[in-house]
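Got two chains here, each in a separate frame; can you build the complex from them with the hints?
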Amino acid sequence: MALGPYASFIVTSYALVAAVVAILIAWIAIDFRRQKARLRELEASGITRRSGRSAGDIR
Amino acid sequence: MTLIDLANPTKFLSLTARILPWLAGATAILLLIGLYQAAMAPDDYQQGATVKIMFIHVPNAWLSMFVWGVMSLAALGTLVWRHPLADVAAKAAAPIGAAFTFLALVTGSLWGRPMWGTYWQWDARLTSVLILFLMYLGLIALWRAVDDPSRAARAAAILTLVGALNLPIIKFSVDWWNTLHQPASVLRMGGSTLDRAFLIPLLVMAVGFSLLFVTLHLAAMRNEILRRRVRSLQIMQASQQAA
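Residue numbers (our numbering), protein chains in the order written: chain A, 1 to 59; chain B, 60 to 302.
Calculated from the structure, these hints are not laboratory results.
Heads up, the beta-carbon is just placed ideally off N, CA and C, and yes, glycines get one too.
Don't take every hint at face value.
Stretches of chain B that chain A covers, calculated by requiring three or more beta carbons in the stretch to come under 8 Å of a beta carbon on chain A [said to hold, decoys possible]:
no.: 1; region: 97–111
no.: 2; region: 115–127
no.: 3; region: 154–161
no.: 4; region: 165–179
no.: 5; region: 274–287
Chain B on its own, in the form it takes in the complex (with noise of 0.2 Å):
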């Protein structure tokens, strides 16, 4: 099966039939390990056992920009290159982004109070990611205003392309501003500043939620396009008892 096949609504349906009980398995495998590993990760010098809070945080704040770039890339698929399934990919991801984005934001202020003192503080990369939870709220809202699939496409996908631009802002707010959340301590030149003992942990975790992310990501496509098939369905449908 090349890419080209994808397009393709019915042969993608029987590609996820195939492989999601593989990729559910495989999730469950890795979230299982990461988990082991951060119960038993050592308590960190200056945070302690609230360290363990890390290996959930950071993973879904990843995630909560990953999943804005896919729909991003999807954005361009229904814009410039109309793919078929470029809009049943965005619409089905921005859910799942939202939950991620919305468990970063509390995992990260369940972790702030017992470490700065406080739940929240508008500094620019807390406000940048809150600003990028309401936007994934507002695209939801809008693939439900409209009730035309294709209609409604068009619209999320420049919102979603014009949402895009928060990316680096988050992504580069603790560089640019002076802000309370610490920099970059993974992603970064010159390699982790983490010790070997929580970044193992953290890795498995993040891979163990990225295929969460793509297990539910495909299983929400499949319901899309059967959502689709109903609606279209339900026109002939009305048109033959109009007839």
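Isolated chain A, as found in the complex (with noise of 0.2 Å):
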């Protein structure tokens, strides 16, 4: 697969779109691990929801 002469433009499109795709899913994985941790620890306090369901439900 040759690239001509505007390569560098190419290559840099392609790696710039996957490291913003990379970074959203990254963000949204902390994000999720970091709002179940916050939950787990409300719950250790016992603060509890009214339906009972604590953060270890969530997957």
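What follows is the structure, encoded as structure tokens:
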């Protein structure tokens, strides 16, 4: 696969898309863990939801 | 499970837990197929290998408008139907839409330099997409500025619906004004003008990126529901401590 004289523009475009998508995925995954951890902390301190469901139920 | 069941955040969380791994897998497979087809696509007679940028630029550009369309539907859900998950959907979509719009602008710019001889031109299409990007940033700022999600939701819904007026301007800017940006070549009356060698990888990448959006959006909605649960438990904790 030859990319010709403008290879740097093509490679930069694909690398940038890969980086931004990776950042989005990481941000969402980290946020999920953080919210679950906060819920667990609150439940551990005796604050529970009216439904009685715990953060451990959330996958 | 019916559509009305999804109004229940707990049922929504259970559904997302079941379907997210499948969606993520399907997204990865489609994007890998699309990337392979993009790599194997022939050079264009005018653009040369630079045509490969189109396989990522066009799906991001489509999604930049599609995500605002989703947020507009969610805004109606907030203002008209008062659906409990409508503002969750709108808030979760904004950063993802901003990312796709940013990518559409930058990859377009990286294509424009070798093809047009410039990274940027203040023509109607480019400028209206830049305005869309700034509106995404404004919306994200609005969500962050107001502490109470239900109050923020109404203001954000109104701003989203006003911003939706920009969508037809973006779509038809290439027809209404004399622009450097080429007119529509895929979604147009009379069918696509693209050769199958370019059209198929482009469509596979477009479906792959759309699935990526659905996956990320559902995951971000799940996070937002959890964030609101944390907030309500923190309020309960504060009121217990005050009593």
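Hint by hint, work out which the structure violates, then give me just those numbers in ascending order.
Going through the list in order, the structure violates no hint and respects every one.
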